[in-house]
Structure formats: structure tokens, C-alpha cells
Amino acid sequence: MGISQYIKEIGRGKDGARSLTREQAADLMGQVLDGTVSDLAIGGFCLAMRIKGETAEEMAGFLDATQARLTRVPASRRPVVVLPSYNGARKLPVLTPLLALLLAREGLPVLVHGTATETKRVVAAEVLEALGVPAQAAVPAMEPGAVAFVPTEVLCPGLKRLLDVRREVGLRNSAHSLVKLMNPCAGASLIVGSYTHPEYAVSMAATFELIGANALLLRGTEGEPVADPRRTPQMEAFRHGQRVLVQEAQGGSLAVLPDLPKAIDATSTAAYIQAVMAGRLPVPAPIARQVERILHEVSAS
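Position 81, counted from 1, in the sequence shown is what my numbering calls 81; the numbers after and before it change by one each time, with no gaps.
Hint data in this document are derived by calculation from the structure and do not stem from the laboratory. Any given hint might turn out to be false.
DSBU-like cross-link-like pairs, simulated, lysine-lysine; straight-line CA separation at most 35 Å [said to hold, decoys possible]: (1) 14 <-> 160; (2) 262 <-> 160; (3) 160 <-> 120; (4) 14 <-> 91; (5) 14 <-> 120; (6) 262 <-> 91; (7) 262 <-> 120; (8) 91 <-> 120; (9) 8 <-> 160; (10) 91 <-> 160.
With the hints as extra help, turn the sequences into a complete structure.
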């Protein structure tokens with residue numbers, strides 16, 4: 001069906017919009033990712049879906065279309081931990097690279113994927129570059145104990161184009177949720193999904209359940225998939241879609257706050273991470289707990 005027919009269904013306003021089936025959503029997203037529709041139509045789709053909101057069935061369909069077009073990461077000898085990094089730092093240092101290095105130190109292959117979606121934030125790619133982990137120009141083979149950063153456009157150019165629509169219209173679209181749910185790996189993996197607002201916790205959980213994902217879901221730091229270093233968040237595991245509460249949220253604040261860098265630029269953040277990895281500074285307790293939970297889920301998968 002042509003994209004205009006889909007937009008007529010989803011674009012009837014918050015109360016009048018009709019949801020698509022999983023198959024219809026896959027067809028729609030496939031047209032968008034393949035670039036067979038106009039920029040105007042893509043803008044209409046993004047705004048209509050932003051107003052309506054995605055159902056779990058629709059998001060599953062969007063993921064079906066994306067998975068069919070991804071350049072997949074080859075299977076590794078150990079399950080790959082997938083860290084989607086799309087938000088970056090606004091007030092706190094972006095510590096997704098610290099989480100990645102801590103997991104790699106435990107012998108896990110760690111794939112960080114992402115792209116900058118806002119111009120005023122420090123992104124994980126910049127910090128990883130400062131730590132000697134450059135962006136990959138092609139999808140790599142993942143080795144245990146290694147960290148790789150793969151830009152979104154290497155995985156799926158059409159998905160990068162859809163994410164870039166935000167710079168034109170000023171609003172996030174379905175792709176910003178999709179990238180936190182998708183699995184770029186051909187073999188065993190664990191997705192670490194994060195959300196910023198409670199409504200996204202509900203929708204992401206419903207999608208993970210529907211697609212039978214192996215994942216860990218938490219409220220991340222400013223939308224990044226790393227626990228807030230000041231307070232342990234609730235964490236839920238999804239084991240082939242079966243949902244299990246594995247970590248209660250910590251009430252209040254830590255008795256002793258971590259000694260975080262005052263500046264959030266890439267150089268300062270990288271220096272802090274190096275100090276933690278060298279043992280000169282302690283690992284923030286919530287992040288250490290997150291590492292423990294991920295290790296447990298990987299061993300159970």
C-alpha cells in the first residue's frame with residue numbers, strides 16, 4: 001500500500017488515528033528506509049506517528065523492516081552486549097563508554113552503536129575516540145573482551161536518514177525509539193535498552209515482550225543505556241521476551257556521591273574513565289551493579 005494511505009490511517013489526530021497491523025507497519029517502514037517516498041511524505045509520517053504514538057505491534061513491524069535491511073554483526077564466541085547510544089551528555093558526563101569497557105574487561109564483546117541526534121550534546125563516540133576506540137567504517141567481527149563503536153549509517157543508511165529528520169522538524173520520531181530496541185547482531189546478544197520518561201518504559205517493555213527479546217531495560221542517564229552513577233535505577237530483564245524484575249530502584253540518594261568530573265567534554269570524561277579503569281577512582285556503585293546484572297543475564301541466556 002502507498003505511504004499516503006498509511007498516513008491517512010495514522011494521521012487522524014490523537015483520538016481519531018487508527019493503528020496499523022505489524023505487517024502494515026513493516027511495509028510502511030520498509031518504504032521509508034528504502035528511500036522510495038518523498039521527503040514531504042516522510043515528514044508527514046514522522047509527525048503523524050509522533051502525535052499518535054506507536055503501539056507495540058507497530059514498533060514490532062518497524063523493527064521487522066529494519067532487521068531485514070541491517071548489515072548484521074557476525075556471531076561471536078560469547079553473546080554480544082549491545083549498547084545503543086543516541087542521547088549523549090547534557091548535564092552529566094556520558095558514561096556509556098565506561099560501561100562498555102567494564103563489560104569488555106569481564107571478557108564480553110561489546111557493540112556500541114549510535115549517531116549524534118542533537119548538536120549541543122557530547123556523544124559517546126567522541127569519548128570513545130579519546131579512549132582509543134575509533135568509529136568503525138564497516139561492521140566488524142566481535143571478539144570477546146573488545147569494544148567496537150559502529151555508526152548507525154554503517155548498520156543501515158536509511159535509518160540514519162530517518163534519525164536526521166529531527167534536525168529539520170525539531171521533534172523525535174519513531175526511529176529514536178526503534179534504535180534502542182533493535183538487535184544488529186546475527187548471533188546471541190543482549191540489548192541494553194534505556195528510557196527517559198515512564199511512558200517509554202511501558203512501550204519498550206511491551207515491544208521487548210512481543211518480539212521475544214533478550215534485553216535489560218532501565219531508566220538511563222539522560223537517555224543513555226548506563227545507570228545514573230548517583231542512584232541505582234530499576235532494572236528489568238527480558239529472557240526470550242519473559243519479563244523479570246531483577247533490580248529494585250534505590251530510594252533517595254547514595255550515602256557517598258561519586259567523584260564525577262565537573263566538565264562533561266570528551267577529554268575530561270575520557271580522563272575520568274581512564275582513572276576508574278586504572279583503579280585510581282572507584283566504579284560508581286550503580287554502574288557496578290548494572291555490570292553484575294548484565295553478566296548474570298548473559299550467563300543465563
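Here's how the hints hold up against the structure:
In summary, the hint linking residue 14 to residue 160 is supported, as the alpha carbons are separated by about 27 Å, within the 35 Å threshold. Distance hint between residue 262 and residue 160 is fulfilled; the C-alpha atoms sit about 32 Å from each other, no more than 35 Å. Restraint check for residue 160 and residue 120: satisfied, since their Cα atoms lie roughly 18 Å apart, inside the 35 Å limit. Annotation: proposed proximity of residue 14 to residue 91 holds, straight-line Cα distance about 33 Å (limit 35 Å).
For the proposed pair residue 14 and residue 120, the alpha carbon gap of about 31 Å is at most 35 Å, so the pair holds. For the given pair, residue 262 sits about 10 Å from residue 91 by alpha-carbon distance, which is consistent with the 35 Å threshold. A hinted pair counts as satisfied when its Cα atoms are at most 35 Å apart, and residue 262 with residue 120 qualifies at roughly 17 Å. For the suggested pair residue 91 and residue 120, the alpha carbons sit about 11 Å apart, so the restraint of at most 35 Å is met.
This hinted pair checks out: residue 8 and residue 160 have alpha carbons roughly 25 Å apart, not beyond 35 Å. Between residue 91 and residue 160 the CA atoms are separated by roughly 25 Å; this keeps the pair inside 35 Å, and the hint holds.
The structure fails none of the hints (numbered hints given earlier).
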